[in-house]
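Visitor: Could you use the hints to bring the two separately framed chains together as a complex?
Heads up: the protein sequence lines correspond to chains A and B, in order. Everything in the first sequence is counted per full-length UniProt numbering, starting at 1 for the first residue and increasing by one. Everything in the second sequence is counted per full-length UniProt numbering, starting at 1 for the first residue and increasing by one.
Please keep in mind that the hints were generated in silico from the structure rather than gathered at the bench. Possibly wrong hints are sitting among the right ones.
Said to hold, decoys possible - So the derived label-pair ranges between C-beta atoms look like this: (1) B/Arg-314 / A/Gly-50: 50 to 60 Å; (2) A/Asp-378 / B/Asp-379: 53 to 63 Å; (3) A/Gly-86 / B/Thr-143: 28 to 38 Å; (4) A/Arg-332 / B/Asn-320: 41 to 51 Å; (5) A/Arg-332 / B/Gly-358: 54 to 64 Å; (6) B/Asn-238 / A/Gly-275: 54 to 64 Å.
Said to hold, decoys possible - Which stretches of chain A does chain B cover? Using the computed rule of at least three CB atoms under 8 Å from a CB of chain B, they are: (7) 94-106; (8) 199-206; (9) 235-242; (10) 319-326; (11) 370-376.
Idealized CB from N, CA, C, for every residue including glycine.
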Amino acid sequence: MSLIKKTAAELAEALAAGETTSVEITQAYLDRIAEVDGAVHAFLHVDGEGALAQAAASDARRAAGTLKSALDGVPIAVKDVLATQGLPTTCGSKILEGWIPPYDATVVARLKAAGLPILGKTNMDEFAMGSSTEHSAYGPTHNPWDLDRIPGGSGGGSAAAVASFEAPLALGTDTGGSIRQPGAVTGTVGVKPTYGGVSRYGLVALANSLDQVGPVTRTVLDSALLHELIGGHDPRDSTSIDQPLPDLVAAARQGATGDLSGVRIGVITELAGDGWQPGVMARFTESVELLVKAGAEVVEVSCPNFVHAMAAYYLILPAEASSNLAKFDAMRYGLRVVPDGDPSAEEVMRATRDAGFGDEVKRRIILGTYALSSGYYDAYYGQAQKMRTLISRDFEAAFASVDVLVSPTAPTTAFKLGEKLDDPIAMYLNDLATIPANLAGVPGISVPSGLADEDGLPAGFQILAPALADDRCYRVGAALEAALASQWGGPLLDKAPELGSLVEPVETLGGTA
Amino acid sequence: MTDTLVAFDDVLATYDPAMGLEVHVELNTASKMFCGCPTEFGAEPNTQVCPTCLGLPGAMPVVNAKAVESAIRIGLALNCEIAEWCRFARKNYFYPDMPKNFQTSQYDEPICFNGYMDVDVDGEVFRVEIERAHMEEDTGKSTHVGGATGRIQGADHSLVDYNRAGIPLIEIVTKPILGAGAKAPDVARAYVAQLRDLIVALDVSDARMDQGSIRADVNLSLSPKGSDQLGTRTETKNVNSLRSVERAVRYEMSRHAAVLDGGGSILQETRHWHEDTGITTSGREKSDAEDYRYFPEPDLVPVAPSRDWVEQLRGTLPENPTARRNRLQESWGFSDLEMRDTVGAGALDAIEETIAAGSTPQAARKWWLGELARRANEDGVEVTELGITPVQVAAVQALVDGGSINDKLARQVFDGLFAGEGTPEEIVAARGLAIVSDEGALSEAVDAAIAANPDVAEKIRDGKLAAAGALIGEVMKAMRGQADAGRVRELILEKLS
Chain A
1 MSLIKKTAAE LAEALAAGET TSVEITQAYL DRIAEVDGAV HAFLHVDGEG ALAQAAASDA
61 RRAAGTLKSA LDGVPIAVKD VLATQGLPTT CGSKILEGWI PPYDATVVAR LKAAGLPILG
121 KTNMDEFAMG SSTEHSAYGP THNPWDLDRI PGGSGGGSAA AVASFEAPLA LGTDTGGSIR
181 QPGAVTGTVG VKPTYGGVSR YGLVALANSL DQVGPVTRTV LDSALLHELI GGHDPRDSTS
241 IDQPLPDLVA AARQGATGDL SGVRIGVITE LAGDGWQPGV MARFTESVEL LVKAGAEVVE
301 VSCPNFVHAM AAYYLILPAE ASSNLAKFDA MRYGLRVVPD GDPSAEEVMR ATRDAGFGDE
361 VKRRIILGTY ALSSGYYDAY YGQAQKMRTL ISRDFEAAFA SVDVLVSPTA PTTAFKLGEK
421 LDDPIAMYLN DLATIPANLA GVPGISVPSG LADEDGLPAG FQILAPALAD DRCYRVGAAL
481 EAALASQWGG PLLDKAPELG SLVEPVETLG GTA
Chain B
1 MTDTLVAFDD VLATYDPAMG LEVHVELNTA SKMFCGCPTE FGAEPNTQVC PTCLGLPGAM
61 PVVNAKAVES AIRIGLALNC EIAEWCRFAR KNYFYPDMPK NFQTSQYDEP ICFNGYMDVD
121 VDGEVFRVEI ERAHMEEDTG KSTHVGGATG RIQGADHSLV DYNRAGIPLI EIVTKPILGA
181 GAKAPDVARA YVAQLRDLIV ALDVSDARMD QGSIRADVNL SLSPKGSDQL GTRTETKNVN
241 SLRSVERAVR YEMSRHAAVL DGGGSILQET RHWHEDTGIT TSGREKSDAE DYRYFPEPDL
301 VPVAPSRDWV EQLRGTLPEN PTARRNRLQE SWGFSDLEMR DTVGAGALDA IEETIAAGST
361 PQAARKWWLG ELARRANEDG VEVTELGITP VQVAAVQALV DGGSINDKLA RQVFDGLFAG
421 EGTPEEIVAA RGLAIVSDEG ALSEAVDAAI AANPDVAEKI RDGKLAAAGA LIGEVMKAMR
481 GQADAGRVRE LILEKLS
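In isolation and in its complexed conformation, chain B is listed as follows (with noise of 0.2 Å):
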């Protein structure tokens, strides 16, 4: 069935849109939340579990506390306030991939609560507020084998991984973000981005979308523009990618105004995301009767983190990326264009360290958006995925600067590196690009270029220098490119004048 949408800029002149995000961070500890299973992605299935994450009959979980760490440092870093007590506790219902048919999650006592976080969006600063960050547990993983989707519909049997069962995760709520207006997909699409680079600086998960340690649950509602009252909501689930963020968020949008647009009412559900078609279908209907019969966790003990190791853990925040990013683009002088490519592609860490390693800002944003960024797109991998370390690229830059390569030579020596043919000094010296500098040998070409372009040279005699530029190249040209422009053209004209 495909649904009847409303073309998205019609949606705005009727309607406002509210959202929620809900993002679930996998944690990047050793072990999982309550046992000490490894939590490493990709292990062989039901090989990294234990009677506590299998919810054998008798075992029972301890808090990991390095997952305690992680959950303040995230709440920190999302100005959130941090509970001096809180407890863990049972949400409880009925799913064949949930060992014990209750998650152990947080409630109405989550650690950090109260926060907020300043989206940049298109050099606008928009204020996302954080209702709560909370601990609970991964589920297992099903697998549904013989159907045609791979969903459990038509499915012949299931298999479950319990792997991922008890893995630490972090959910991160926020309170209705209204007045986006128009700029609702991006501001969703930048919340995420800027969660996720947030949780990169701190070290705290593996942030990879595509393996699902960042997973996404988008609310959306409508309501008409003007009203106070917010719309009846659905949640669209594990929305997996920056990009499917803002068109879900598109698309629920859509949706919903043709719905209300034809007289009918949302119904309150769960609806799957396609990343393939770009659509969402009805999931599981999700009412207000559904009742997780939540109560406090009677086998752990409550969680109260003193005030000095709060403290202690605010020290080793990482600086705010938004204050980051003003900060460096302030020191290398970029201009906001400048900037915003090198966020878009990732390459901030990347051209922060090349200058470290003694590259000019922008030499250094020359090769990481220029030339690598071009073969990243050819290899469709991310420019920081190419092998290239900043190091190096420093170190072609280096030869460039102290005139013993060109850039042009400079992109055979990254031909070089991506061959594995050593560094940069020992490329330049394998493959025989070095500048030639034997004046003798550039001489001879030099009055080769001459005495085959007369005409060009009486140009030149006559006073118009502009005309140098041909018999650069062709100098160049017979040097293989391994010459020196600058000495060339003042050869040329001390030849000439």
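Extracted from the complex, chain A is given alone in its bound form (with noise of 0.2 Å):
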């Protein structure tokens, strides 16, 4: 097998047996990028000659036996909205065209510290809004499964990163879904941790009290090992959590033996039928049986506020990226638009901020503010605040009778690049099935659970569990994955065209601001 269909695992392991160098493993990743990235257009900024940098370190740390950590060598690509010292940060936006952070994330800084070459910034939804990363200024990413499609978003240049080999791993952040919608309609692992049980420092919000940084990998064992090396309590921020990870890898590995009895699971009554696409709902149907013959209990379950969660994500989260996304000014970094004559500071900022947010932006914008403004604030922001209170009970309803609660990760496979642009409200409908998690803060996973029937395009299968108890999201995942792969023989990314015949480059497709 070549180094770059390797899982992160298998690549630690080769490392340790001494089978290849990380200088190797990076330049591999690299030739890779450089062979498909024109087609895909995964990332916006390659650092090779940091990442080899590092990784070089990292092959003179195995020499000298002072290893990291157990990935240390294996290298990550990284979503654009979190800050990198001395690399672009753009958050997929020209208003940040050309800011090089002074600082470094959290995640990025335990990356670092844990040996990892980072390979370079990922393509995203401007600011991360969207689920198709059509809403990026510099181009959309192209789903691996098929070029004219989306690879989701806000992190389809993670997620399809991943999926067309050109990294074991990455970082994605997850607001609605922007790290398991991708996942799923590219046939690869991602998780939402529990709010705040990984920092936000460093990420560019979007909406602070939904955010969550997480792993985006091609399995489950290798999500979890990402997730430890970058969870745990940060005191930068103050929303994180202050207490030990459960242990996910354990947790990874026991799902692996398929033996999951005494565990019981949940199916979300709300969450399926009209609308959901046949092929999807097919998958997900078996999945579920491959998880009772493994031994879990399942049961339906019902959780009725779910029919208001995108409602009031839709206010919640404009509110909170309207006053985020303020400090965009052209005062101090960043693009700076300078109308003629003798314009004030003021002016400066508005044609800034004009030219440099995208449409999707501008209406998140303009919608949060509404939200927020005095007299409408009971009746928007208010109210939304009491739904999400209510969506948090449902969870504790349903989890006071199950350990997990599963549900297809989205509705229907990848659509074709354009296909939603004009009707925003189709486009939302995408996170109708992982924004609720956001909302009540709770861990979910999305594992892919094989091809629908109509289209030959890749589902996800979502398994949510209590805050703090992402271990079961493995157990779970890594049950199913184990199930599904002895099924198909090998991993569903087997079944993906090749796309190393593709030689010519893409043309971009779809229109963005």
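Guide: Here's what the structure looks like:
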């Protein structure tokens, strides 16, 4: 098997066995990026030189016996919403074009402290607003399964990078599904940890009360390895939880044995039915049956308030975002547009924000500004917070009788680029199943469940657990992954088309602002 | 444009003033409100900054526990209730000196609320009710360059220093102060003065109005006499001395009255105070439509001070300044006037410490409000800024009490102290200031004076003892002041009896 097709755990083993070096691995991924990223456009910035230097340092540590972590020397890609000292961080926006942060996000600092070479920064919807990566100001990312289709969003770049073997690991961020939904439509694994489980310091906030950094990988075990590395308390993030993580790697290994006896699983009745693609539902039902075979007890559970999750989310998110994005005013960093004449500071701010933000960002700033306005606050933001409480109570009630809740990750497989660009509501509906977890702060994982019959594209299976019980996602996820792999005779990504034959760069599809 | 004004007494004939005072106190914590940057005043611009206080993308705030402690202590000293649970909120508006374009403040959940302060105005106690005291962060500081006035209008460009951005502030807001009438300006001044004293006693701020570590905003409105409806208010920003607080209230009362008398209405607006000319000018219009879109700061967790901690902090409060003043006045036996002068001169602590170092209350008062106050006045500084310590003053007085010098010589000892010539004892020795106790020399001087003034000597022999004063003066002059006047008198009377 070629180096790039190995999982992160396998790469770590190969390194430990002295079969390869970090420089060799890193160079293989850089070669792969050079080969296919013209077509995929998963990366906004590739730091070949930096990655190779870090890889060489890792090899030196290995020779000296001073390794920093189990993944020392295994390269990784980082979503461009995380601050990286010395590397551009654009958040997919023109307004931050050319900005180079003077500091590292805590998760990036932890990657460096663990010795993972950073390959580069991955594409995303502008400020993480979107479900298709079409809202990137730098052009969309293409789904490696079908280059005419979206890779999900907002973290389409990280998911596509991993799915197209341009990186073994990536970091994503998930505000309403931006890790899990891209995972589902690219046939990869994505985890949204418990809110507060991974530091947000250095994550350029979309909606602070919903955002969470998490792993994007090809296997459940790889996610667990990465999650343990980035997770845990950070004094720089007041919302980070000051207690140790559960043993996630052990949970993934336990799940991989295929035994789920004693595990109670609830199927969420509200997250199925009309509008859900039959092929997605078929793969979901089969997966549930596999879990039953593994010994789990499965029941139907109703979460009646989930139907309001979308409405609450699209008030809370824009409200927080409208305030977060106020700092982009041309005064200190980023784009500065100076109108003709002798403009005032306010006029420079206005011109810069007009030119620097895309349509979706402007739409949400306007929504959020309105929702927070005096006289409307109680009716919109206030009500949304109440709905949020009710959704949390639905989770509490459900978790009183089951250990995990499951649903399809997204209602459909990947749609075509441009298909939903002019219909924001249709776009928003992609996150129907993933949003409740963000509103309640509970962890979730998306694991590939197979290919839909209609279009042969990947579908995702979502597992949600109570706050702080991220280990349950890993156990059940690994069990499903193992059962499916034995059915398929290997990982789902083996079925993906061979991108290496693509030599012509693909024209940018779909219009972006 | 010059405002039309109505004479102060005439204002009161027609209107009742209502005031609201908002005082911002910059805390003296070592680090900023939400990050670890230092807070020292006067550093090179933009050297005390980090991703958090610069509002860089991705950076996050963490609450400074010491600032919370200071806020609670201020609240307790103002007789406030302390919230069991409160949050920070974002106050959203665009301004170049505000790094995030929102200020992290508190909105409907302040940490301290419902308090009061009893203010002493010329011996009369006036209760000022406190609505709230809340925590927030300061903004950066803009300097407008190239204009004639230093204001943004006409400036060529502006520079922003973010060293001040994120410095912890406590904003203390009064309820409307009603019924002060003609004393409104005095009440405003006395409130801010007493609040400053309290802040000093709590040691939570440098409390320097001249450096902006205490800044007052004065809200004022007038309503027709007897009306229970408050009039439209103006908010005069950044009034930065006690005298200016008084003058700003007085000015706005006179200006409002002129507008209202002329049939006009007051525009609800922010006004700028001009220290030099003693007037206010219109700033930005502040209509009710201004919408800060407050919402709870999602990057911070609620502040929930335990009751145990609050009670523990209550135990650290200094004595209430009014109670302390009453206690000291009684213990020292000062008259009301003496006490008021002492407080007015800012010499209360100095006198207390001088007494603690061994002086009598009257002797301590004599130096601090006499000789030292005179010198401070000459130098244009506060008496406590002269560089003379209470221990030194007590040492000088001890030399007087011991008879080695007198008050007149003591002034020369102070000269020596200012010149840094050593301890009072060393100065007396080095300058040869000690009173001459050599009976021989003294006796010779007395004999000489008697011989030179036979007529005066005759009067004394005849029993007119009051005439001795002239001879004493003569002797003291001959001895260059270094004689004990009492002993001189005794010698004269002995020799002429």
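Visitor: Each hint: holds or not?
Guide: Going through the hints against the structure:
Evaluation of the 50 to 60 Å hint for B/Arg-314 and A/Gly-50 yields a pass: the beta carbon distance comes to about 55 Å. For the hinted restraint 53 to 63 Å between A/Asp-378 and B/Asp-379, the CB-CB distance of approximately 59 Å keeps it satisfied. Evaluation of the 28 to 38 Å hint for A/Gly-86 and B/Thr-143 yields a pass: the beta carbon distance comes to about 31 Å. Remark: the range hint 41 to 51 Å for A/Arg-332 to B/Asn-320 is upheld by a beta-carbon distance near 45 Å.
Between A/Arg-332 and B/Gly-358, the C-beta spacing of about 58 Å keeps the proposed range 54 to 64 Å intact. Separated by about 59 Å at the C-beta atoms, B/Asn-238 and A/Gly-275 satisfy the suggested range of 54 to 64 Å. Counting residues of the segment 94-106 of chain A whose CB lies closer than 8 Å to any CB of chain B gives 6, so the stated coverage by that chain holds, three being the minimum. For the segment 199-206 of chain A, the proposed coverage by chain B is satisfied: 6 residues have a C-beta within less than 8 Å of a C-beta in that chain, meeting the threshold of three.
Only residues whose beta carbon comes within less than 8 Å of a beta carbon in chain B count, and the segment 235-242 of chain A has 5; three or more means the coverage holds. Counting residues of the segment 319-326 of chain A whose CB lies closer than 8 Å to any CB of chain B gives 5, which reaches the minimum of 3, so the coverage claim holds. Given as covered by chain B, the segment 370-376 of chain A passes the check, having 3 residues with a CB less than 8 Å from a CB of that chain where 3 are the minimum.
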